[in-house]
Amino acid sequence: MTPQTTFEREPARRVFASELRETRYQFKDGDDEKSPTYVILPTGIRSNRIFIVGTLTEKQRQGDQNIFYRGRVVDPTGTFFVMAGSYQPEAMQQLARIEAPAFVAVVGKPNLYTTPDGTCLVSVRVESISVVDRETRDLWVLDTARETLDRLEAFGTTEDSRKAQEEYGTQPAIYRKIVYDALSQVQL
Amino acid sequence: MNLSEVTERISRKLEAKGAQPDRQKIESRLRRLVEEFGVNVAEAERTVTGDLAREYKVTGVGGTSTELRPISEIVPGEWVTVEGKIIALTPSLSPSIAQSGIVADSSGAIRFVTWTRANAPAMEYGHWYRIESAVVDEYKGAPNLKIHSGTTISRMEKDIPLLPSITPIAELKPGVGSVRAKVVQDWEVSHERMLQTGLLGDETGTIKFVIWNDDGKEKLDLDAVYNIFYATVDEYNGRLSLTLNTAMYITDEGDIEVGRSETDAQGALVHIAPGSGLIKRCPVEGCNRTLSRQNYCPVHEIQPNFRYDLRLKAVLDDGIRARNVLMQRELVERLAGITLAEAVSIAESNPLGMDEIFYRIRNAVLGRYYTCSGSEFGGRLLASSCTPVAFKPEELAALLNRAGGEPA
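Chains as they are written, first to last, in my numbering: chain B, 1 to 188; chain Z, 1 to 408.
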């Protein structure tokens, strides 16, 4: 009897903007056309989905034939660039309805692309976006701080973190400070 | 058969007896017999096992299989002799199996199979037999006694009453088990051959049970407590279930406080699946299936007199694991702040209809943090409670300490 492998949904990693901004390394797990694409986050974990909560500060509609929306979502450490195009009509319409500024929760896929002048940019392709409140934002900062610290503690012991070390030369102390600074901005 | 497998089996047998055999030595002896002397593997196994048993001065392995063993102590890989009572016979699944069932002694019970090729005398239900030189192996995770052509079966003129020991549900293993449990749920049968299915529980947990249609088998009563002796414990996809066709069950006095094997999960709701929100259910007694938009039930066809319900199929994600959760009406009403009656009247007066309710509920819960608890079933958490996570300043303080940097 062949064991049944049930589909496991990829978890949405918690990551601060300043860490995602440094992400450069992307790979495909498997040779199949449908194999998932992952990025390796500098603190050492593969991810093909992230969960972020922050303030949507700006939203723009772009394109004529292929309409898509771009937005900036700000967390205590920096900015996420999010986008939703006509391939994700649900997400695009959700984003279209939200007026900046607003606290938003975004689930999406990290995407790397290189501009013609050679700089590498990371954007988040939105799967879903919804308006939340300040408390959810604060909870997210705690959650993301905890998971980032967990990753830093396991740094060097996992295959993904060794890859991260090789690709980014990650200095855990820097990320620890980012976490600390993010937490200090949460108001009691 | 491969030699390292045999080596493993021999050393396991010896280790079970407290010896510490050297695996390399076992393998080289086997290899010598098989490769140099052309001995067949089964014979080589016997020889090596017997030799080593003498060397380590242990008994009860290999050639000493005529020594009587309590059923509860035998493990896969052994040749054994047992004396037991046939307490169940089950229909044979294949022409190569002459008989199968359960044999029990005062220490425990084990499933057995008699190969047709063994030409063994048929054993009768309720009688005691001495079964010499049978082989124990593992079938679908459960130990199984194999009666083959080298096994001697002799009927015994004794009848000792057996008092099976009760196992807590949480400690059941594949094989045979006896439980004292309460019928906590009675489910709709999913197959015409099935008499009854549902959930049994005791203080330690719950387990699914099945009774197949069979002469003389009776249903269990909901909420009643039973002593169930010698049920078959099967494992499928990592989950255990009890089949009661081999079992004797009698009602018992008293009640059981059923222990809930509750799973807790905290995380953010990152996805609200289609089929959430306001749905229509089939009104046919015991059906309750979800109808399509055109009121079509997969079994009972078009059902215009459906009833409405609210539910939420979502993914709760803690960053490490994404779990499917299913919430029923009461929880959805509380989380989304909308009652079923309100949802129905909105849906009936709104151009978007039922979609409007889906969006409202989604907007209320998507991206927020919740703690859910409930029972996990088929990879899905059936939430019995779900509460929003509250911000705790002490967690912030603890994390600041953990991050331990200098203030910016």
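FYI, nobody ran anything at the bench for these hints, they're computed from the structure. A virtual CB, placed ideally from N, CA and C, is assigned to each residue, including glycine. Hints are not guaranteed to be accurate.
Which stretches of chain B does chain Z cover? Using the computed rule of at least three CB atoms under 8 Å from a CB of chain Z, they are [as the list claims (entries may be wrong)]:
id, segment
1, 8-21
2, 29-39
3, 63-70
4, 75-89
5, 174-187
We went through each hint and held it up to the structure:
1. 8-21: With 7 residues in contact (Cβ-Cβ under 8 Å with chain Z), the coverage given for the segment 8-21 of chain B holds.
2. 29-39: violated (count 0)
3. 63-70: violated (count 0)
4. 75-89: Since three or more residues must qualify, the claim that chain Z covers the segment 75-89 of chain B is violated, with 0 doing so at under 8 Å.
5. 174-187: holds (count 8)
When each numbered hint is compared with the structure, violations occur for hints 2, 3 and 4.
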